[in-house]
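*Asks:* Sequence:
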Amino acid sequence: MKNMFLKFDKNNKDAGLSNEIFETNFFYEYENFDFFGPINRVNIFVGANNSGKSRLLRGILKNKNQILLSSISIYNILYSIRRINKEIMSKMREDNEEIVIDFDFEKLNPTEQRQFHKEFLNLEKGNDLSCRIKRDGYIFKIVFNIIYFGEKFHNDLFTTWLNYNNESRKDNFIKLINHHKLILDFISKWETRIRTTSRKIQLYLKLLLELASWLEKFKKAIEETKITLSNYNKIYIPVLRTASSLFGNENNKINYDIFKTSISTNYKINLSNESSIELSTGLDFYNSIKRIRNDFKPKRKKFENFENFISENFFNNNPVDIVAKESDDQKEKNIIIHFEEEDEEREIHNLGDGIQSIIMLMFPIFTAEDKSWIFIEEPEVNLHPGLQRLFLEQLMNNEIIKKKELTIFFSTHSNHLLDISLTNEKGISIFTFEKQKKKRRIHL
3 MKNMFLKFDK
13 NNKDAGLSNE
23 IFETNFFYEY
33 ENFDFFGPIN
43 RVNIFVGANN
53 SGKSRLLRGI
63 LKNKNQILLS
73 SISIYNILYS
83 IRRINKEIMS
93 KMREDNEEIV
103 IDFDFEKLNP
113 TEQRQFHKEF
123 LNLEKGNDLS
133 CRIKRDGYIF
143 KIVFNIIYFG
153 EKFHNDLFTT
163 WLNYNNESRK
173 DNFIKLINHH
183 KLILDFISKW
193 ETRIRTTSRK
203 IQLYLKLLLE
213 LASWLEKFKK
223 AIEETKITLS
233 NYNKIYIPVL
243 RTASSLFGNE
253 NNKINYDIFK
263 TSISTNYKIN
273 LSNESSIELS
283 TGLDFYNSIK
293 RIRNDFKPKR
303 KKFENFENFI
313 SENFFNNNPV
323 DIVAKESDDQ
333 KEKNIIIHFE
343 EEDEEREIHN
353 LGDGIQSIIM
363 LMFPIFTAED
373 KSWIFIEEPE
383 VNLHPGLQRL
393 FLEQLMNNEI
403 IKKKELTIFF
413 STHSNHLLDI
423 SLTNEKGISI
433 FTFEKQKKKR
443 RIHL
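Quick note on my numbering: the sequence shown kicks off at 3 and runs consecutively.
Warning: the hint list may mix true and false statements.
[To be verified] Lysine to aspartate or glutamate pairs mimicking DMTMM-like chemistry, simulated, CA-CA at most 20 Å apart:
| hint | residue 1 | residue 2 |
| --- | --- | --- |
| 1 | 255 | 372 |
| 2 | 136 | 106 |
| 3 | 66 | 372 |
| 4 | 66 | 371 |
| 5 | 406 | 226 |
| 6 | 405 | 421 |
| 7 | 136 | 193 |
[Said to hold, decoys possible] Beta-carbon label-pair distances, calculated as ranges:
| hint | residue 1 | residue 2 | range |
| --- | --- | --- | --- |
| 8 | 226 | 255 | 52 to 60 Å |
| 9 | 88 | 52 | 23 to 31 Å |
| 10 | 341 | 255 | 20 to 28 Å |
| 11 | 116 | 181 | 21 to 29 Å |
| 12 | 404 | 272 | 29 to 37 Å |
| 13 | 252 | 344 | 16 to 24 Å |
| 14 | 260 | 85 | 47 to 55 Å |
| 15 | 111 | 225 | 32 to 40 Å |
| 16 | 434 | 399 | 18 to 26 Å |
| 17 | 338 | 226 | 52 to 60 Å |
| 18 | 252 | 307 | 34 to 42 Å |
| 19 | 112 | 197 | 14 to 22 Å |
| 20 | 225 | 399 | 31 to 39 Å |
| 21 | 176 | 399 | 41 to 49 Å |
Derived by calculation from the structure, the hints in this document are not laboratory data.
We put the CB at the ideal spot given by N, CA and C, even for glycine.
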């Protein structure tokens with residue numbers, strides 16, 4: 003993932019993005035469009051409380067139909083095309099909604115007449131309802147129904163592209179552009195043979211020829227823009243997380259993930275198999291370890307890589323086994339860290355808070371499917387500056403993690419993480435959030 007731009011799905015009301023982005027101008031730089039980026043391998047959201055970091059994080063998490071574009075230049079081009087269309091349509095409404103451009107065929111020499119006639123026939127063959135191609139003796143006319151012409155451009159170029167969901171349709175866009183450019187290029191080529199030279203027609207000609215120039219840029223942008231349709235797995239690590247067991251009244255252990263239930267309900271996160279979203283709070287850590295240790299070798303290998311990471315960074319390369327251990331009577335279920343060299347066992351809640359926190363963060367990352375998108379709220383919780391540095395440096399430099407091609411988003415209040423990211427800018431995008439007069443804005 004490198005410098006891609008994510009298109010938002012406006013129709014997905016569950017994502018909670020409509021009010022936050024499309025109505026309150028979340029993106030001040032490109033507030034007419036519905037995309038976000040550039041997205042990098044690591045994407046950091048920073049800003050004051052209530053500036054919208056977590057809301058956008060969850061919005062991207064819940065965004066359906068992941069459409070990624072390699073460039074947003076096409077949107078600026080579309081905006082210019084729409085601006086010209088509006089200007090033409092506004093002026094045409096004052097003139098009975100038609101532009102009539104006629105050419106004086108009789109004054110052309112024989113060679114020019116043959117060439118003109120050949121090109122005019124090509125216009126007739128490919129013509130649609132955007133304009134009428136007419137001949138009356140030696141007078142050749144192109145009559146634009148500008149209301150339809152403008153709407154066709156808006157619908158076919160602007161609206162259709164913004165809802166683009168199939169790269170194979172690129173050829174259809176190219177054909178559409180070529181057709182309209184054929185008409186506009188014809189006008190440009192034979193401009194000196196236009197019979198009417200009124201100021202009004204000259205103004206329309208100027209706008210139409212400007213439109214032709216932008217269409218050429220649009221065609222080039224379509225050919226150069228890479229579009230990726232992604233349906234990657236997503237993992238959400240909320241700020242409400244713990245590696246320790248929870249107990250209710252009379253020391254009864256809570257045997258279900260109450261954090262997951264609460265978070266998915268409060269924020270309307272769909273955790274069905276179809277949604278491809280996994281919510282990792284740490285409370286299901288026991289079952290996750292048990293499942294992965296009984297899985298096929300590729301999954302077990304991922305867990306071994308995670309254990310090696312813990313061993314190398316916290317226990318001086320002393321080999322560790324992380325085990326989901328169950329008592330003989332099945333009443334006790336605990337996560338045990340076993341140190342091979344010392345033949346010592348320690349329950350996970352007896353480790354330091356920092357190590358527990360880094361385990362909760364790194365376990366989902368090491369065991370994630372390749373190309374997964376991972377969303378983390380405030381990874382700095384319970385991590386002192388040294389562990390914060392370790393966390394971010396592992397995301398950026400760990401070869402195993404890099405090979406997985408993960409895309410990671412996290413919100414943070416930590417100056418330490420921000421400082422570290424600024425010294426390692428390659429592969430990192432930093433987005434600063436602020437709230438101004440009830441409107442939330444983002445700066446890259």
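*Asks:* Does each hint hold? Answer for all of them.
*Replies:* Each hint tested on the structure:
{"no.": "1", "hint": "255 to 372", "result": "34 Å, violated"}
{"no.": "2", "hint": "136 to 106", "result": "13 Å, holds"}
{"no.": "3", "hint": "66 to 372", "result": "19 Å, holds"}
{"no.": "4", "hint": "66 to 371", "result": "19 Å, holds"}
{"no.": "5", "hint": "406 to 226", "result": "27 Å, violated"}
{"no.": "6", "hint": "405 to 421", "result": "25 Å, violated"}
{"no.": "7", "hint": "136 to 193", "result": "17 Å, holds"}
{"no.": "8", "hint": "226 to 255: 52 to 60 Å", "result": "58 Å, holds"}
{"no.": "9", "hint": "88 to 52: 23 to 31 Å", "result": "37 Å, violated"}
{"no.": "10", "hint": "341 to 255: 20 to 28 Å", "result": "25 Å, holds"}
{"no.": "11", "hint": "116 to 181: 21 to 29 Å", "result": "23 Å, holds"}
{"no.": "12", "hint": "404 to 272: 29 to 37 Å", "result": "30 Å, holds"}
{"no.": "13", "hint": "252 to 344: 16 to 24 Å", "result": "36 Å, violated"}
{"no.": "14", "hint": "260 to 85: 47 to 55 Å", "result": "53 Å, holds"}
{"no.": "15", "hint": "111 to 225: 32 to 40 Å", "result": "37 Å, holds"}
{"no.": "16", "hint": "434 to 399: 18 to 26 Å", "result": "24 Å, holds"}
{"no.": "17", "hint": "338 to 226: 52 to 60 Å", "result": "55 Å, holds"}
{"no.": "18", "hint": "252 to 307: 34 to 42 Å", "result": "40 Å, holds"}
{"no.": "19", "hint": "112 to 197: 14 to 22 Å", "result": "19 Å, holds"}
{"no.": "20", "hint": "225 to 399: 31 to 39 Å", "result": "36 Å, holds"}
{"no.": "21", "hint": "176 to 399: 41 to 49 Å", "result": "42 Å, holds"}
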